[in-house]
Structures are given as C-alpha cells and as structure tokens.
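J.: From first to last, the protein sequence lines are chains P and B. Under the numbering used here, the first residue of the first sequence carries the number 1, and numbering increases by one thereafter. Under the numbering used here, the first residue of the second sequence carries the number 664, and numbering increases by one thereafter.
With a straight-line Cα cutoff of 25 Å, these simulated BS3-like cross-link-like pairs (lysine-lysine) come out:
1. LYS239(P) with LYS205(P)
2. LYS914(B) with LYS479(P)
3. LYS932(B) with LYS697(B)
4. LYS807(B) with LYS840(B)
5. LYS136(P) with LYS60(P)
6. LYS914(B) with LYS840(B)
7. LYS348(P) with LYS840(B)
8. LYS297(P) with LYS177(P)
9. LYS880(B) with LYS357(P)
10. LYS479(P) with LYS880(B)
11. LYS810(B) with LYS481(P)
12. LYS877(B) with LYS479(P)
13. LYS481(P) with LYS877(B)
14. LYS357(P) with LYS877(B)
15. LYS481(P) with LYS880(B)
16. LYS343(P) with LYS205(P)
17. LYS120(P) with LYS36(P)
18. LYS904(B) with LYS877(B)
19. LYS904(B) with LYS880(B)
20. LYS479(P) with LYS810(B)
21. LYS141(P) with LYS610(P)
22. LYS190(P) with LYS276(P)
23. LYS357(P) with LYS807(B)
24. LYS408(P) with LYS750(B)
25. LYS357(P) with LYS840(B)
26. LYS405(P) with LYS750(B)
27. LYS803(B) with LYS932(B)
28. LYS357(P) with LYS810(B)
29. LYS325(P) with LYS313(P)
These are calculated hints, taken from the structure and not from any lab test. For clarity, every value in this text was computed on a predicted model and none was experimentally measured.
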Amino acid sequence: MTNQKEEIRIGFYICHCGHNIGSIVDCPAVAEYASKLPHVVVSKDYKYMCSDPGQELIQKDIREQGLNRIVVASCSPLLHEPTFRGATAKAGLNEFYFQMVNIRENVSWVHEDKDLSLIKAKDLVRAAIHRVAYHKALEKKKVPVNPDVLIVGGGIAGISASLTMANAGKKVYLVEKDATIGGYMAKFDKTFPTLDCAACILTPKMSSVLKHPNITLWTWSEVSEVSGFVGNYKVKVTKKPRYIKEELCVGCLACVEQCTFKEGKFPDEFNFGLSKRKPVYMPFPQATPQVVVVDDKTCLHFKTGKCPQTCMKACDRNAFDFNQKPEVVEINVGTVILTTGFKPFEAKRATNYGYGKYPNVFTSLEVERLVNASGPTEGHVLLRDGKTHPKSIGIIHCVGSRDDKTNKWCSKVCCMYSLKLAHLLKEHSGAEIYNFYIDMRTPGKGYEEFYDKLLNEGVQFIRGRVSEVNDWATTPDEKGKLIIRAEDTLIGRVRRIPVDMVVLSVGLEPAEDAQDVRKMFNISCSNEGFFLERHPKLAPVSTFTDGIFIAGACQGPKDIPDSVAQAGAAAAEALALIDSGHVELEPNTACIIEDRCCGCQVCINMCPYKAITFDPDKKKSSVNEALCKGCGTCVASCGSNAIFQNLFEDEEIMSELNGLLIE
Amino acid sequence: MEYLYYPGCSLKSSGRAFEESLLAVFKSLNIPLKEIEDWNCCGATSYMSINECNAISLIARNLAIAEKMGGTDLMAPCAACFMGLTKTKNYVETNPKIRENVTADLKKIGFEFENKINVRHPLDILVNDIGTDKIKSQVKTNLKDLKVVSYYGCQLVRPFSPFDDQRDPQTMDQIVKALGAQAIDWPLKTRCCSGTMTSTLSDIGTRMNFLLLKEAKERGADMIITACPLCQFNLECFQGKISSKFGEDVKIPVYYFTQLMGLAFGLPKKEIGLHRMLSPLYSVTN
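Bound-form chain B, shown alone (with noise of 0.2 Å):
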C-alpha cells in the first residue's frame, strides 16, 4: 500500500540524512510513499504556545491536505512531527470545540476536513505492516558483531503512545534484531536529551548529553541509532566539547534507525547520507 509522507523541516535540513535513507530504505522494501503538496510546519516551534487553537488548525490543515489527496496513512518520520500531528488529530478526535474551531478554519480554505487520516512513524509501518521478516530478507550485511542502543527520546512516545510501550518501547530494537546486529538493552531510551537546552542552557544540555553517551559506552555499545532528528543532533554535535568538560571519552557514532537499515541492506553509503554524518562507523563502512 501507499503511504503519504510528510517530511517536515528538519528532513529537508539538517536531518537530510534521515530523509535520504529512509526514502532508500523505503524503496529497496518496494513500499511506495508520495510526498504530500504544500505541507506546512508541524507545530513543533513555539506557536503552539502562544496560540494553541491557531496552532492546531495550522498542524491539521497538513492532515487535510493528506485526506483531499486520498490516501489514508500519513508517514511522519520526525519524532516532533508525529507527535504534533497525533496530537492535533487527537484533540480534534476528543474535543467537539477544537473540532469545530479547526473545521471552520479549514472550510475558510476550501478543505472539508473529516479527520480520518491516520498519523504513522515509520517504526510503526515497519514492524507492524511489513513486518520483521521481509526486513530480514532484505539484510545483505554481516552485523552480527555490532552492538547498537536504540535511543527513542521522548516525543515517539510521550504522551502519546500508539504504536510502542510508552515505558519501554521495543520496536527499534526488533528493527536491530531482524538486521541481525545485537539489540543492547538500557534504561534511558527514553531519557530526555535535553531538547534546546544544549544552546539555551548549554551546562543542563551537555551534561543531560553526557549521561546518555557515557551510558551507551558504558554497555559496550558501538553505536546509538535514534528516530529523532533533535536527539540525533544533540547526541551528536557536541562530542568533543563534552568529552574534553567531563574529562572522558564518550564518542559514539550516532545515525539514524534508516541508516544502519540502509546499511545492513547493502545500500551505497551516499544514497543514505552517510558522508554527512561526523562520526563514521569504521567497523561496518570499511
């Protein structure tokens, strides 16, 4: 089935690296996805703060562009995307005066909003529609030696939880498994990695960073894969600058779920953004 896809910004962005191997990855397991027209911010910046109503219509009018365009899945990558968008179409869901409110607002545009798309994480589609199995069909890569932490951060889950446990999710380390790579267990997979803080407050950002990277060390970890392009970010960047702080050593190649898959399926390192990563992965690239 196709899915519809809303990219959102920091795919276009920063996380490049996220889009161009799930777009590859996607496309090596034949699952066709279709970019949705003229999509608008999730409502991942501070408008939903200052206008909650306004903000919410804004966030749904993406999920309305995605019904006028038939389909019934809309695939949201981004941990804050699928969060902002779950939200909005759960407060539509639940609350007749949001729903009302958001409909009049998308009528204004031309859209007869029914709310009936429903919002998926491609961890979802992975491993509940196609399914472990046909990943591990796909696996063209020995990484039956690579220790990889599944770092989910908070808003794949957090408050919302429709497709994982919301205390201990799973799905990508079942997503490690079946590449046949060794699924570390740890207790921080959801542990806060300190969203903005690390240019806001840099002391509270770094330090939060720390504990995560220390403890992925700590396991014998050989990398972090994460689904967020914030946590990916923040665990990344600031390597050096917390290593030499804290006086120990804590780097760690950190890359995207879609980029280890891409590499287990054998994909040409370029096609998955690997050159734009900072820390490569020796072990698996050379």
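Chain P extracted, bound-state conformation (with noise of 0.2 Å):
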C-alpha cells in the first residue's frame, strides 16, 4: 500500500484497440509525450491492453518498477474499467489507484481529422496523470443478495424465465398486468416453421406457474414503485380491483351467463374486437388463472349504480366485492427480470393501406384469431360482415416496418408469421393467396425451409412494397374488391392485384408503457423505445443497472424460439447472481463529514435514492452507503463542505481540471 507521502510513480499505456484507435490518434506520440509529463515513470503504447499479454505488461511494470499509480488511454470504462483495475489489483496496488481514458468513443470514433485528435487524447491523458496522483486507496463493501426475484410481464417470456427460476428453488414474484399469464402467444393459433398448436405447447407452461409452490402469480397487477439496489430491491406491486376475491373465484362462468347484459357488447380485448364480451368476462378459455374480472369502465354498477347485479346473485361462492380498492405489497427481491414485451404496429397509421376504413383490411393479429379453431369464427375464414369466404388474399408485408415514414427497423419476425398465416389461409380457406414483400427474410433454423414449402403450395410470392390499397375499380368485375397496387420489382412493372381480404403484417413497437417501465427501473432505451441491453453482443440481457435483467420483445423484436432463449439467459444471470451470494457495492459513494454538518438537510432532499437520512439527536446527517448511488448532488448542494465523495473528491477533480486545461 502506497500513502500520499510516498514517491508517486505513474504508469501510463495507451492502447491502439488494432486499428480503432491507432487509425486515427499516434498512439506512441502520445506514449512519447506522457512520459515527460509529472511523476511518470514508465509510458508505452501496444497493441491490445485488454489481451493477456496487455494486462501482464501492467503488472510486470508494477512490480519491477515499483509503480503505484496506473492510467490506462483506451476505450470505454464501462467496456474495460474492471479489467485494468483487476490487473492493477493482482499486481498487489490498490485498484483504485487505477484511472482510464477513453479515447475511443471520445476521440477516434467521433473525430477524422488526425492532429486534432492527437491534441484531444493528450488534452484528456494529461488531465487522468494529474488525477490519478491524488487518488486514494478504497475497499469496496460487500452486500448479501436477495434470492428472491420478481418478474414482470407474463408473455413466454416471463412465464419461461418464472419456470427456470422456480426449479431452481429461487422464489418468484411474477408479475401481470392483464388478467391472464400467456401474453401474444396465447393468441396465436399455430407457431411457425413447426405448425405446432401454439396452445398446446404454451398452456401447459402456464398451469405450471399457477401451481409451482415457488411462484407467486399477481395477475391484473402492475409494479408501482421500486427502490434500493442490486441485491437489495424493494418493490411495490399495485393489485387493481378485479372486483372478484380471487382465492374464491372458481371460474364456473355463472356470473358471466346471469350478467344484465344478456350479449356480449364491449370489443373482446383477447380476439382484437373480432368478437363482444360482457363486463364480466374470462379473457379466454384457458385464461390462468381462472378468474373472472369485472371490467368497471363497461359495468352498469359502475356507470350508473342501478345493476341489479345478477352476476354477484349467480355466484356461489359469494366471489363478488364491488367495493374492492387497488391494494398495495411490498416485496424484497434482490434480482428483476423484465419480460414487458411489446405493442403491434397500429395499422391505422399506414393510411395508404386502409384499414379502418375498408372493412376488409384485417392487421395479422386479428387473422390469428380468425384462423384459431376457438376464434370469433371458430377457424373459418370469414370477411367483416360475418359470412363471406374470401377467394383471394393480399398479405402486405413491412407494414410499419423498415418505413422512413414510420419505424425504421425490421421487425423481425412478420416474414416468418406472414408465411405462416399463407399457409393457414389457404388451407383453411382455399383462396388464393399473394404475399408483398420487399426482402424476404427467414433466417432461422428450419425457416428458409419453410419459405421453400410455401413456395411449393402454391402461394403467389410478388417482390415490392405495396403503394396502396383501396376499392377503385376499374372494371365491373372489380367492383366490391380491394384493390392492391405495388411494383414488382421482379418485372419491373406496377401490378394491381383486386383481392377479397388484405391482410397487413403489423411490425413490433416498444410497448406502451416501455418509457414508463424504463424510469421506474431506472434502465436505458434504445433510440427507438425498446430496452437496451448493457452490450449488444456479450450482455445481451443484463442492463447498466445491476440485478435488473431483460428478454424477449421488451429488448426488440423477437419471436418465440429467440425470447425464450433469451429468457433462459436472463435467468441464468440472475441466479449467478444470487449463488455467489453477495454484491460488491463501488466505493465512489458520499461521506458527511459529522463535524462539519450543520444539520440543515439541504442534501436530503437532493437525493434521488433517498440515501439520506437526519439523525434528531445528533442534528446531523448521514448517508446510507448501501443506497447513494455516487452522483454527487449532494456535494454540489452541501453549503458547509460538509460532504465529499470518493473518486470524486475536490483535490482529484481539481487536479484533474488542472491537468486538462494546463499546455
């Protein structure tokens, strides 16, 4: 251990990251022109200072030439920081006495022009050797985890992440805020490339969560409040009324037949509008758990208070209270797995394509139900008025995706759902069917496969985007018809197409409250809206808040096979995390100096993380060191100086200002 009376002895290595950095900024000038700068004593460039071979070099250098502080020019310290301070702590040296400069994502991804960026990376390493000499020694503390972990949102995603985590003996809140676990899946009919019943495989899964001794279900619930820190998150989950005691509710449907309305009249959320249900309704026949809900937007009760109520009357079980209230749990969990999923396109939005306004313009979701044997239409094909088979079917690709005018991204997964619902179609219709595409995309085991079935049933396959659809006929035989108009990019021509039933492939969005699940969690987006993970590529489902982990669509697009991989990935993060069984908690948290608090508590209500808390009898504050996540507004705010932080105390930031603004 070094103390500031010691000789300080720098060592200073700026990586050439192969050509991502050493492309654009000399990286052995800037070697050259740190080694002349204060207290340092050894400065080289090489290759890859995140390699083995890089990290050795650090420690050879620590021990031979007696180094006790370490500045590392490379990229972000959030791809690399932990390497070189666990390079520098092998060595023996205290790993905070290790500072990192990022001339890579500050300097040479963003800069072309060469000298400049020679100019900025030996601005920024100049101003980490001024820094790095004033750092102290630090420890990091240790917090047990929390086994326990909550899930939110009960798609196939959050239920196959609930069934991992639960046989692995950890206890699972899981979290829903619909009325039933199963999410989109639950609606399809079939799953592609396999066509197998995308009920028969999902139901079972969920009746394993209702019963799994581990799992505790809260449907029609949603988390209204998180705090605290990984490994030690508590949480709020606000039960809404469902008007039905749930542990009474047996699910016979008595309510339902006895309700006032003697026809279902309000849009059925679970087939899309296809079909009506009453106020008090179970959202499908499998729904998990088998509970009904009272819907208090359509309920006479709650319209007018003059129901008489039949549906309470009819139950047995005396399930009914209509004077529920939301209710409140707190849960403690140390680990958080979000599976919110997402929200189709809405197809209004596409106004060339009609739908809304040409009855026979269906959104793929609404032709899932359609093709679905427990369907409005019990698997027939039917158009808008309830009786007329369609000859022929138009399904347009890309509808919302890969659209300046809309979202840009692919989505991923229509290509795949658009072939499947060809397939179904023509089976269950005998139309014929034409599929608009601009790429089509089926990469996936089995997949292209299955583009290559398709392309031998018959399916009329036309390469081009879609420029409208609408009813202008132009000949008697058209009248009635919609008409689609696309280039076919094949043949070079505009084609119009007069089909019976469009179909409209909606992309995938973030979901709708994504922005607001986002800030309770306290994790990123992406720009689009969709939750981003910590590293595209090797922390695909970790976030940058620790313990908080994602999968399936909440992250982007995906389909079945893709989210429950990713499922089985953020569950076992989390449990990696909860069998080592402690979290090391950085030290660049705030201290209140006792002798100079003045007990005005200016600083508590700064403090975003509530980590704060006044002492009456002493008349002075404290942080909770477990909950300061180390932004520094309390410093700003202290008017004593009564407050400092580590890593980021005023002599290092001083310096470091210094450092930067000195030639």
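Fit the two chains together into the complex; they arrive one by one in their own frames, and the hints show the way.
T.: Shown next, in the form of structure tokens:
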C-alpha cells in the first residue's frame, strides 16, 4: 500500500485497439508525450491492452518499476475498467489507484482529423495523469443478495424465466398487468416453422406457473414503485381491483351467464374486437388463473349504480366484492427480470393501406384469431360481414417496419408469421394468396425450408412494397374488391391485384408503457424505445443497472424461440448473481463529515435515491452507502462543504481540471 | 392574427377565381391578410432544375421580405408556391451549406435573413387556426344534398406534409363537412393531374385527367374541389375533349374549395369568381 507521502510513480499505457484507435490517434506520440509528464515513470503503447499480454505488461511494471498509480488510455470504462482495475489489483496495488481515459468513443470513433485527435487525446491523458496522483486506496463493500426474484410481464418470456428460476429453487414473484398470463403467444393459432399449436405448447406452461410452489403469481397487477439496489430491491406492486376475490373464484362462469347484459356488447380484447364480451368476463377459456374480471369501465354497476347485480347473485361462492380498492403489496427481491413485451404497430397509421376505412383490411393479429379454432369464427376465414368466404387474399409485409415514415427497423418476425398465415389461410379457405414483400427474411432453423414449402404450395409471391390499398374498381369485375397496387420489382412493372381480403403484417414497437417501466427500473432505452442491453453481443440480457435483466421483445422484436432463449439467459444471469451470495458495491459513495454538518438537511431533499437520513439527536445527516449511487448531487448542494465523494474528492477533480487546462 | 399573403403568379392570372374567392372568404371570417411587397417567383418553373442553389436564394427572398415586414406566418394558397416555399425553408433549415449561401445572397440585397417565417397553407389556417366551428357558423346556404369530392393533388402533401396526412389528406374534407355538404371519400385524392402533360404529352395528360373525372362521377359527386390552380385547370379545361375522346361524359364542375366556401357563406357570385368558371354548378347557384 502506498500513502500520500510516498513518491508517486505513474505507469501510463495507451491502447491501439487494433485500428479502432490506432488509425486515428498516433499512439506512440501520445506515449512519448506522457513520458515527460510529472511522476510518469513508465509510458508505453500496445496493440491490445485488454489482452492477457497487455494486462501482464501492467503487472510486470508494477512489480519491477515500483509503480503505484496506473493510467490506461483505451476504450470506455464501461467496457474495460473492471479489466484494468483487476490487473492493477493482481499486482498487489489497490485497484482504485487506477484511472481510465476513453480515447476510443470520445476521440477516434467520433473524429476524423488526426492532428486534432492527437491534441485531444493528449489533453485527456494529461488530465488523467494529474488526477491519478490524488487517488486514494478504497475498499469495496460486500452486501448479501436477496435470493427472491421479481419477473415483470407474463408472456412466454416471463413464463419461461419464472419456471427456470422457480425450478432452481428460487422464490419468484410474477407480476402481469392483464387478467391472465400467456401474452401474445396465447392468441396465436400455430407457431412457425413447425406449425405446432400455440395453445398446446403454451397452456401446460401457464398452469405450471400457477401450480408451482415457488411462484407467486399476481395478475391484474402492476409494479408501482422500485427502490433499493442490486441484491436488495424494495418493490411495491399494485393489485388493481378486479372486484372478485381471487381465492374464491373457481371460474364456473355462472356470473358471466347471468350478467344483466344478455349478449356480449364490448370489444373483446383477446380477439382484438372481432367478438364482443360482457363487463364480467374470462379473457379466454384457458386463462390463467381461472378467475373472471369485472371491467369497471363498462359494468353497469360502476357506470350507473343501478344494476340489479345478477352476476353477484349467481355466484354461490360469494366471490364478488364491488368495493375492492387497489391494494399495494411490498416485496423485497434481489434481482428483477423485465419481460414486458411489445406493442403491435397500429395499422391505422399506414393511411395508404386503408385499415379502419375498408372493413376487409385486417391486421395479422386479427387473422391469427380468425384461423384459430377457438377464435370468433371457430377457425373459418370470413370477411368482416361474418359470412362471406374470401376467394383471394393479399398479405402485405413490412407494415410499419423498414419505413422512413413510421419505423425504420425490421420487425424480424413478420416474414415468418406472414408465411405461416399464408399457409393457414390457404389451408382454411382455399383462397388464392398473394404475399407482397420487400425482401424475404427467413434466417433461423427450419425457416428457409418453411419458405420453400410455401413456394411449393402455390402461394403467390410478389416482390415489391405495396403503394396503396383502395376500392378504385376500373372494371365491373373489380367492384366491391380491394385493389392492391404495388411495384413488382422482379418484372419491373406496377401491378394492380384485386382481392377480397387484405392482411397487414404489422411490425413490432416498444410497449405502450415502456418509458414508464424504464424510468421505474432506472434502465436505458435505445433510440427506438426498446430496452437497452448492457452490451449488444456480450451482455445481451443485462442492463446498465445491476441486478435488472431483460428478456424477450421488450429488448427488440423477437420470435418465440429467441424470447425463450433470452428468458433462459436472463434467468441464468440472475441465478449467477444470487448464488454468488453477495454483491460488491462501488466505493464511489458520498460521505458526510459529521463535524462540519450543520444539520440543515438540504442534501436530504436533493438525493434522488433516498440515501441520506437525519439523526434528530445528533442533529446530523448521514449517507447510507448501500443506497448511495454516487451521483454527487448532495456534494454540490452542501453549503457547509461537509460532504465529499470517494473518487470525486475536490482535489481529484480540481487536479484533473488543472491537467486538462494547462498546456 | 394577421397573416402575410404570398399570392404567386397563378392567383393573379389563370387562377384569379382562387384569389377572389379566398380574399372574400377570409374577409367574411374576419381574418386579416396583408400581401407581401414586391414578391417574386416561387420557383415552380424550370429554374429549379437548372441551378438549384440560385433558385433557393431567389425563393428565399420572398421569405426574407415577409420577415422584414414583421410577420410570423406567410400564407401561400397555390400548391406549387406552398411546396416551393416549404422546400426552401426546409433546405435552409437542414442544410448548413445552403443556409450559408442563401444568407450571403440575401445580404447582398439588404436582407438579414433568419428563416423564421412559418409557411402556411389556407387549408391549414382554416382548419387548425380558425377551426371548423367558426366556418360552420358562417354558413348561410343549405348544401346538404351536394356531394363533393376533394382533390388535393400532389404538392400540398408531397414531399412535405406539415399539416395533413401525406397519403390520405383530410383537411379539405373537414371543410366540406363543416359547410354542411357531403364529403365523398375516394382513393384518388392525391393522384397526379398530369401537371403540364396536358400540353406536352396530351395523350397521357388527358387520359390521366379522364381517370380522375370518371371516378369522381362514378362515386356520384356533383363537383370536384381543389386547392391548386394547375389541378383546377387540368381537370376543368379539357372535359369536352376528354369526353369525346373516351366516349364517356365526364363533365363535372371543378371549383376551388374557397369558392364552395363562398357559396356556402352566401357571398355574391362575382366576388368569388364564379363567372370565371367553365362549368356552372346549377344545383347550388340557381
């Protein structure tokens, strides 16, 4: 261990990162420059500092040259700070005697001018070298990890993650905002490319979730507050009133039969409005749990207060409670897996395709229900009038995807599900099917083979984006039909194809409440609004907030196999964290010098993490290190200069600034 | 609020009926207009394709004049003018090189150009600023039996569409409904009127107009309304020729939307330029 009186001996290393840095920044010149800066004993450039030989270089110099401070100029600290701190520690030095300079994301990746880049790199290096001299030895604190896990969202990803965690013996809280788990998969008829029945493979998993002794399932519930930190999250879950005592309802549906409304009157969410439901309803026959829900927006009792309440009278188990209020449950968990899914692109936004204007324009999700044996038409493909069988059907790919006007990204699943729907529609209706595609994207096991199969089934494929769907008949035959106009790019002609039914293969978008969820769990989103993974390749299910993992379509468009795989990965990451038993907390926390604290409590209001408390006896404030995230707000707010922050002490910051500003 | 007004060449010549009806309608709605001084071409002619940079500077001069006059919103009724001015504003806003060039050019003739004028179309102003309720309140003539198709043409919504849906525009239909007439929906709202092809490639030009006129009649429309002088000209002026060429009667009145508003407001026919139209609208005017 070194102390401040000891001579400062700095080792400086600059990384070429192959061509990433080396092609823009003259690394040897920076090393040469740094060698002349105060206290620098060793200054070297190396092709890959993060490699084993690179780390070895640092360790060898620490041992042989007696270095006691290390600076590495390379990539973002997010990527390799732990690597170099580790190397520093391995040679016997406290890891916080290390400082990193990011000359990749901040210099070589964003600048083209080599001369100016060299100047900027030198400036940043000089600042770090001035700073590191003031670094102090710090220790990381170890905190135990609560082994319980919260999983948010009960689609296939949430179900898979829950079962994996529960099977590993962990206690799982699964929170779902709808009245049933199952998500979008429960609405599908068959799954590609194997064409196995979605319900047959999903419903056993749904009931496993319900029966599992390690899983607490809360449907019709939402997470309302999150506090704490990795290993020790405190979560409030709000159970919305479903006006049914869940533990008493057995799903006999007597109440639904006896509802004042003799027929269903309100759009059935499960069937995307293709059928009607009553105010008291079971979302679908296999809903899990088998508990009905009362929709207070349509229920006569809530709207007028003058309902005879025949539903309640029909219930011989007295499960009704019209006075239910939202109930808040507080739980403690160590890790969280977010599987909050996606939102389908709203077809009306593509105004040129006439959804909502022409009744026989359907969305792909509506068609999933139409071809489903338990759907509103019992699997018969019928037009919106409920009786006409279509003789020709056009399927339009990329609706709301790969489009500058709406969403730029490829939604990844639409080509395959369009092929699946083409197969099912042909099978169920015998109609002529036309697929309009931009590019056919079928990478995946058995996917290209499925496309091949469709080509041989006599489905028509037209390569070109559809410009419009309208009812502009130019011959008497075309009257009453929908006209699809598209450029067929393979024959170089504009084609007009009259059809009876149009299917819009809508893309995937971030869920409606993705931003709220993101803020609540303090994670990031990529530009388009999907949750951002910690690293696109090497940490695909982690986030920048430790202990919060993501899986499934909340991270980006994904099909069922990928969602399940990610759910497994997220569960494994959570298990690794739990089974390691503890987490190490970064020591860059704030600390209040008691003698200087005047007890004004300004800092308490400033702290976004509720990490500061006031001791009324001592009349002093103090920081809970476990809750402090090291944002520095309290430090800046303290009028008595009584708060300092480890790794960001005044002399460290001033010296860094000084280093930056001097020539 | 007062709007600055850029008429453009058409509204002073072939499209005089548009200007007359527009001014009359705005007057009865109490919307003050002020024509900008010494305006020049909007760029709809071929000089845009010869030297785009100079063309942009020339068009921007109109915006600079409006700025100097101290207004915030400049109204351009002709679809081509609206597109040209919107395009110029957009280019100057998004391309630093163009901005530099335009600013320098305008400086030479004494303008400190800041590109802060909003370019507005009367449809935008009427629907979004004035509101359909106010329009409704001015209606004096019962038009409930009148079936109207709105024809927007291309330039109002393409490539820029600052105030209406690019692929299924609605503002003109909203006005038709506010006037108490029946707005007939059709998918050809923005289909090409052939531009100048009625004179240069007349076979193609007349065929394109035939398709539009035929479909409007097919849908039972009594009239077509438009917001573009060139669309109005193409659709109205060749009806006799088209009818005989294609052996089908496609005669139908083609008016400016402001003329329909004037009719609904009960304004004198002469004030809204009805005497300039080729096909009279007997059902309403008599």
